[in-house]
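Q: The chain contents come next:
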Amino acid sequence: MSIGYYPGCSLHGTSREFDESTRAVAPALGIELREIDDWSCCGASSAHSSSHLLGVALPARNLALAEEQGHDAVVAPCAACFSRLATTRYEIAHDANLAEAIPGIIERPFANSVDVVNIVQLLLAHAEKIREGVSAGSGTAAVGQLKVAAYYGCLLVRPVEVAGADDSEVPTTMEQVISACGATPVKWNMAVECCGGSFSMSRTSSVMRLGRAIVDDARKAGADAIVVACPMCHANLDFRQAARSDGDALPVLYLTQLVGLAMGMTPETLGLQRHFVDTKPLLDTLDTRAHELAAKTQAAAAAKTKARDGAVV
Amino acid sequence: MFVCHCGENIARTVDCARVSETLADHPGVVVSLDYKYMCSDPGQNLVKQAIEEHGLTGVVVAACSPHMHEKTFRRAAARAGLNPFLCEMANIREQCSWIHDDKVEATDKAIEIVRTIVEKVKNNAPLETIHIPVTKRAIVIGGGIAGIQAALDIADGGADVILVEKEPSIGGHMSQLSETFPTLDCSQCILTPRMVEVYQHPRITLHTYSELESVEGFIGNFTVTIRKKARSVDESLCTGCGDCTAACPSRKIPNEFDANLSLRPAIYVPFPQAVPNIPVIDREHCTLFKGRAKGREKDLCGKCKESCLRNAVDYEQVDTLVKEHVGAIVIATGFVPYSVGRDQPDGLKGYAEFNYGEIPDVIDGLQFERLASASGPTGGEIRRPSDGKVPKRIVFVQCVGSRDPEKGISYCSKICCMYVAKHTMLYRHKVHDGEAIVFYMDIRAAGKGYEEFVRRAIEEDGAQYIRGRISRMYRDGDVIKVVGFDTLSGEPAIIDADMVVLATAVRPHKRVKQLARMLSTAYDQYGFISAAHPKLRPVETNTAGVFVAGACMSPSDIPDSIATASAAASKVLGMFSSDDLEREPTVAIVNERTCIGCYSCERVCPYGAIEHVDVCNRDGEICGHVARVVPGVCQGCGTCVATCPSKSVELLGFTDEQIFAEINALLTW
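Chain order of the listed sequences is C and V.
Everything in the first sequence is counted per our numbering, starting at 1 for the first residue and increasing by one.
Everything in the second sequence is counted per our numbering, starting at 1 for the first residue and increasing by one.
Hints in this document: simulated from the structure, not taken from any laboratory.
Glycine residues also receive a C-beta, built at the ideal position from the N, C-alpha and C atoms.
Just so you know, not all the hints are guaranteed correct.
Said to hold, decoys possible - Here are the simulated lysine-lysine pairs, DSS-like style, with alpha carbons at most 27 Å apart:
(1) C/K220 / C/K129
(2) V/K36 / V/K166
(3) V/K166 / C/K187
(4) V/K407 / V/K448
(5) V/K71 / V/K166
(6) C/K187 / V/K48
(7) V/K228 / V/K136
(8) C/K220 / V/K323
(9) V/K136 / C/K220
(10) C/K220 / V/K166
(11) C/K187 / V/K349
(12) V/K122 / V/K228
(13) V/K305 / V/K323
(14) V/K389 / C/K147
(15) V/K228 / C/K187
Said to hold, decoys possible - Computed, partial: chain C to chain V, Cβ under 10 Å:
(16) D38
(17) H52
(18) L53
(19) L54
(20) K187
(21) W188
(22) N189
(23) V192
(24) K220
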């Protein structure tokens, strides 16, 4: 299966680490990603809020390119890109007039035959591969100690008919990937709450308030980190958290970074140094916990052997 | 041949005189008349006189639809000594005069219509009305309030009744309720005397812990097989003393009667007022039976048997099958509440976001009934399940599942608005400083005294109603955060509640579809049993002799259930009022000489009217099989006629000869 890679503007800019970690993880899972040649803007936010047709035509152009370049599916790691591409695919499939008009507008043939998936769906489809990689790799022990809060935000689960999540109110797909990594997903309450999205610029204080509620709940649930799969969510949680005065910040990882860590990749390969909230202390703690656990297991095993040999415990 | 003017109805557009004159020359027609009102007494006398004078062998009345007056004229013909099925109607009113303007063309058409029917009548054969004997016993399936009421009404009317209940006791959901709307009278106080009445009634045979296994036969003559599940307690020996229940060591089984809010032992009586008051062993949870299932040779327990002084506990009991002959069947299987969690049957979706099952203090309506009930796990005190504290603020959420096509249930469950209002009252009467907050979509309180009841909850008992839906609820320390939206003020309504009660939708019992297939009755897309006609025949089904009552038809409250149960009972008694039933003889008949025994007819018959018959040679050895139509069951729909590959089935009154004669008439004249 040939998968076209649509990075969109964010992964080439503010969320380079999402791009880096996706490119690092994909080959390890046997996924061949080829960036769509000559891709253009998906039209998120500005295009579809000014013209419905433009909002459909822009993603359609990219899907047509993917079709032309022989891809069966397109993966868009950015949740907004995914939403635009998937919505376009859905709308054209359900509107014969639109389907007829689009090729003329984008000046190329378009059969709407390419599937659109987000990064969570792609990783979930390769969960077995992740498990294999984790048990073979060296990252196991450390990531196995990690408790994470899976944060979906809006676009990975809505609109219901487009996003294809298992449950729009209480989704579990990201948790399944996290479990495949050997980490523990925590049960918390803010997984699909709003992060404030693009109001980050226009109503910063609101976004700060929303983000704080999310981070605080994750912490209350015992999470060591929050895992996201959207550059906007990441910016609002990671960057805005750095400005918190209490200095009590929770690292925010991309799901691909977690998978990479679990499979034994170095933090640098995955771009973990690029976050605003320092991830170093977290990784150090994990190592310590892993060592402690190993020592404990060893001691227990030794005690057992001793007991078997007849020693009084 | 008699042409009716129907006053002006036909004569306005059809020249009736010309019709009768033209038909007078038609081969075989002896008499051809027209008259202003053929259905009037003088009109009918014309028909009778003509039959007697001319010794007619067929009569055609060209008038209105057969639905209107076929019976009238057939009766007239019968009085003159003619077989009524030799009399036919030619419809020149609904199918001609009423829909045309041009008198010449309409008259020509009327002549054509009459000719076809005349040709048909020439091929009519005399038919005899089918008489079916009636077994004057009824079976009622389901021992909830609807089944109890139907059984008592039929039995009081003088017929024997068999009442089958799958649970160990009758009583159904009503026995679990605390008080009932709109009068707040105690549910058990009005129900238990009826339960005892059933038990003591000389004409009612009660089979509890039993299910319907199979049904054969047809109206008036059903043979039903009932599976009496092994109770493991001999009903004839047990006195209901309760020693075994006290002796049972496994006591941590969720109590279904308390909606899983309390625990019960493995040998148990569902509730103290159970009828019959005889325990049952829950073999799934009993240590002894669990051990046996695993193949242990030595029994792991036996405490209940040891404790029983009358030696009534019998571990070796097995399921038994009881055959009964009945004339009528009443379905009263009731409902189940919608389950809120993520796992849902039948392609429905749940509300995982409500954390029902995760947060112990998020309960459903039935659980609240048990909390409020004097016989419940808290003795009627409102205490929340998690820590036994008295909740000071309860949020009630209406329409959980109902009216939500996204979750797969589009209908209104009808009873929830009322029981939520009742819950707020019960709560406020017991916890005076408690706050009752209700989230609702609409308040549907149609019924005698219902709207007044809701107003009383709001105005006198201080329930706060917020119009809006809940998006989710989660635990926040000691309270439950209920995140909702007040659509009247247009603002989010986030409430810290001590307990949440979900008013869940009413759904048909999951095995009712299986039962419906067994009885060949129709059910709707949700699985509720369909009535034969939603307005005119509300308690009959499309299978003759099978009636329906209560919440297995549609969500019903107690008065509704009782009304439909009494209605079904009166239908059954009406059927039992004569010794045999008369059926139209226009049924299908198989030519057993040409039938190849493929049973295609059996597969398409919607009424299960086809039976298998062995064919024997001269030596009496079986040499083949053919199909036979049971006349009492056949409704004369003709599906088998169209399906039969060897053209061996005919519908009496509509045989091929008759239909071809009609077509020929159209082509010949």
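Q: If a hint holds in the structure, say so; if it doesn't, say that too.
A: Against the structure, the hints:
no.	hint	result
1	C/K220 / C/K129	violated (32 Å)
2	V/K36 / V/K166	violated (62 Å)
3	V/K166 / C/K187	violated (39 Å)
4	V/K407 / V/K448	violated (31 Å)
5	V/K71 / V/K166	violated (45 Å)
6	C/K187 / V/K48	violated (87 Å)
7	V/K228 / V/K136	holds (23 Å)
8	C/K220 / V/K323	violated (63 Å)
9	V/K136 / C/K220	violated (69 Å)
10	C/K220 / V/K166	violated (47 Å)
11	C/K187 / V/K349	holds (21 Å)
12	V/K122 / V/K228	violated (56 Å)
13	V/K305 / V/K323	violated (30 Å)
14	V/K389 / C/K147	violated (33 Å)
15	V/K228 / C/K187	violated (46 Å)
16	D38	violated (40 Å)
17	H52	violated (25 Å)
18	L53	violated (29 Å)
19	L54	violated (31 Å)
20	K187	holds (8 Å)
21	W188	holds (8 Å)
22	N189	holds (4 Å)
23	V192	holds (8 Å)
24	K220	holds (9 Å)
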